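Participant: Let the sequences and hints guide you as you build the complete structure.
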Amino acid sequence: MNSDQETFNINESPELTSRVLTDASASGPVIAFFTSAVFWLLIGTVFGLIASIKFNFPDWLGSIPALTFGRVRPAHLNAVIYGWASMAIAGCYVWLTARLCRTEVGWPRLLYISVLLWNMGVLYGIISILGGHTQGMEWLEFPRIAVYLITPAAVSLSLSILRTFHARQVKHIYVSLWYVLASVVWFPILYLIANLPFYSGVTQAAANWWYAHNLLTVWVTPAGLAAAYYFIPKVIGRPIHSYYLSLLGFWTFALFYNWNGIHHLVGGPLPTWLISTSIVASVLMFIPVITVAINHHLTMIGHFKKLKYSPTLRFVVFGAMCYTAVSFQGSIEALRSFSEVSHFTHYTIGHAHLGLYAFFTMILFGAIYYIMPRLVKWEWPYPVLIKFHFWFVALGIALYVVSLTIGGILQGFYMNDASQPFIESVNITKPYLLARSIAGVLILIGHLFFIYIFTLMVTRKGAIRLTPPWREEPEAATR
Amino acid sequence: MATLMPLPLAGLILILVALLGGAMAMFAFLWAVRSKQFKDLSSGAYAIFDEEEPVGKMTDNTFGFPESEESTEKRD
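Chains L and A supply the protein sequences, listed in that same order. For the first sequence, the numbering used here begins at 702 and goes up steadily by one. For the second sequence, the numbering used here begins at 2 and goes up steadily by one.
Don't read these hints as lab results, they were simulated from the structure. Hints should not be assumed to be uniformly reliable.
With the Cβ distance kept under 10 Å, some of the chain L side facing chain A (calculated, not the full set) [as the list claims (entries may be wrong)]:
#1 I751
#2 K755
#3 P759
#4 V871
#5 P1012
#6 R1037
#7 F1045
Here the structure is a predicted model, which means the values were calculated and not measured. Glycine included, each C-beta is placed from N, C-alpha and C at the ideal position.
Facilitator: Given below as structure tokens:
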């Protein structure tokens, strides 16, 4: 390690050297997190597609208990949330924090422990769900043993990131870092509180949705926004349009978003004031969302042609636009009048995927495309496959969201129409559910392209390419 | 799952945790104000750039460069 540092220090540019060192210190754990994330992405996608096809052919795989809808569906959700999303976030956070603090990753051994426990937790949880063991609450299906594995994994991650932050070499805390810090402080607390064993009845439902929505508040959304606030200006080489707005956005986000959970229970047997408070907070989310939307758009303006040259920019800008869309949709969806139609329909599933896929996952793809070459010291082989990846998943998720939005609204109107038999509200959705399965196939194909080039990347195989900025880095930087 | 303690007691603990969390966020904000994080906002946006990767330089060209349209180059 010391001899490596000496080799780096020979280089005349101290800033480049420190960036190379920073990236090198993040390399092992971040690659481990991303590789695990990509593995769970594949598992999660396959479960999702199986669940979707069951809507078209209800008897398919029905005779195998482990692959019945009631088990495959939560297996999909938990694999993508705790496997793909969480470990992609972890990798992204570790790298971003080191970069933004301009220092090496703190306590890297904790990160290896974290990635190990996290994988064990998710593996145990998914197998339990398929075996029929579940806590029975959405997003909290994992049995306790999985929780006991994931909680210390999350705490280890947070400790390492806070350690990196503590050793920072910069005075100013960049806006992305605010999101990261809030996220790593709150996620373990949230996860622990939600899994405490003393909720029952209506309280349990309230705690359940308080948790599920706050997982977006403290974990998924900050990760997407932190990455967007870093990668958009960094890739195009232009600072954020209004830095003031970006910080206003962060603090209003922190103030309003954590009240939103109970809007999932509009019409439920909870005190009206509780639901109303949540609806008000949901509408207030327009403020942070608009600051983000204006900022990202005005930063990009005049630079849209750069989308042609950067895969990272393509994925991140696509995700940032979908963030505006999904947040506006979410604020409206929280209203009682709108919920009368949309609640309990496929519309909600479309909304969830617009958020977790079109916004979050797309931005994280962009982040991985940027981070990996700098860790592996290898260029992405076959750029054309990245284009295939982008177009397959972009068209796939567009078809997914559009079909479920239309199908869900129609379903809602049919369910509210007392003159229609209930089965009509099911029949009306059939073509849209078929479109959803086709969209799922497109997304799976896109993921296979991604997984193929990701595997080549990790193993440093494939067509040899070398383009700046790697050309100008010291030779010692390559392994 | 058997309940460990009666709900009112659990609620009390959770309310305390929530207040503590709120206080924590407020202290973080006050600390940020005191340590002048919000003082010079125009320069904060430049924190992600440096001499090697300055403003005006694109840092991801996996699909090629605006000038040459050339994306692949053989290693020597």
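Participant: Looking at the structure, which of the earlier hints fail to hold?
Facilitator: 1, 2, 3, 6, 7
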